[in-house]
Amino acid sequence: MRKEDFYDASSQRKRPLEIGDKVRFLNNVGGGHVTAFHGKDQVLVEDENGFDVPMLITECVVVGEADKRMANRETQPYIPPVKKVAPPPPVVKAKPVEVFVETPQGERLNIYLAFLPATPKSFIQSNFEAYLINESNYFLYLNFMSCENNAWISRFHGLIEPDTKVFMEEIEKTSLNGLEHICVQMIAFKEGKSFGLKQALSIEIRLDTVKFYKLHCFTRNDFFEDDALVLPLVVNDQPERQTLLSASEMKDAMLTKKEERPSRIMKKPAPANNVIEIDLHINQLLDSTAGMNNADMLNCQLSKFHEIIKANAAKKGQKIVFIHGKGEGVLRAAIEKELKTTYRSRCRFQDASFREYGFGASMVIIN
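Numbering (our numbering), first residue to last: 1 to 367.
Across the chosen pairs, the derived CB separations fall in these ranges:
| # | residue 1 | residue 2 | range |
| --- | --- | --- | --- |
| 1 | Lys315 | Ile124 | 26 to 36 Å |
| 2 | Lys340 | Ser202 | 32 to 42 Å |
| 3 | Thr119 | Phe354 | 41 to 51 Å |
| 4 | His306 | Ser126 | 17 to 27 Å |
| 5 | Ile153 | Ile124 | 22 to 32 Å |
| 6 | Ala290 | Glu191 | 45 to 55 Å |
| 7 | Glu102 | Phe167 | 18 to 28 Å |
No lab work stands behind these hints: they were computed from the structure.
Note that CB positions come from ideal geometry on N, CA and C, so glycine has one too.
The whole structure should be built from the sequences, with the hints applied where relevant.
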């Protein structure tokens, strides 16, 4: 084992430098253990990262005892430090492009709006899930909106793939009034291939939210395992507006006094200034109230009240009599609260004719 005269800083005396000595560098940052001699003037110092660093003997100062593990190490020839090479980046496999199998029937647009109870076993208290069903070979750019206070709000928008159903949102039962006036806008196209031009569609719907309180309105269908309220938007490229209840059709339905409801409601618009009479008794609105509590029934009655007011909002001077009954006055108080807040600037109200309705009706006049 070779030795060279060297100044030992710990013992304050000059002694030979040995393999295994722990040293630090005088004019450079770092240090380590001596592993070998290189020529007469240099040594190799193993730093803390395991690299052998060539350094002049005169630039090294012993700072501790020799490493016993290195005591028996023989002098070795100089070996250049091996540079560490970073591992190659992982290979990212491209996702396979999904190929849609087109069908002849899919060349015609068939689009549906669907609502499902989030918890079918507790239907009365359940929220509702809204879906858009695209039964065609076309992609759809979709915008689903609702109208509140004469302004539109986008509830969902995005790209719908061919032959798919897409969850749009979960609607709380207390927020159903916000769905009374909705609109669905669509643009159909295909990617990377030629296709037949379809007209851009904008379909406005007056939705009868009372249906959400009727279990029999949710039926078996071809799209879900559970019963659902499925509303056709486009069938064989033709918008299906006529199959959805409009505001005027709903008004005629509520004015009908027959016990048996007609199979189809015909539009019979009344003159603008005729008095409209709306009976808000729950048995006039629903076939059955089984499983409903007082709060559910009140929400149903208020939903119909809002629908009628909005349907006649543009008819200045229109008179509407709401028959709410005397009872405990809960429905009457709720209606008056809405008239004094939500519709304060749109209409005025007063008690209806006592001779005809007693204390159980209020008359609203549209401003």
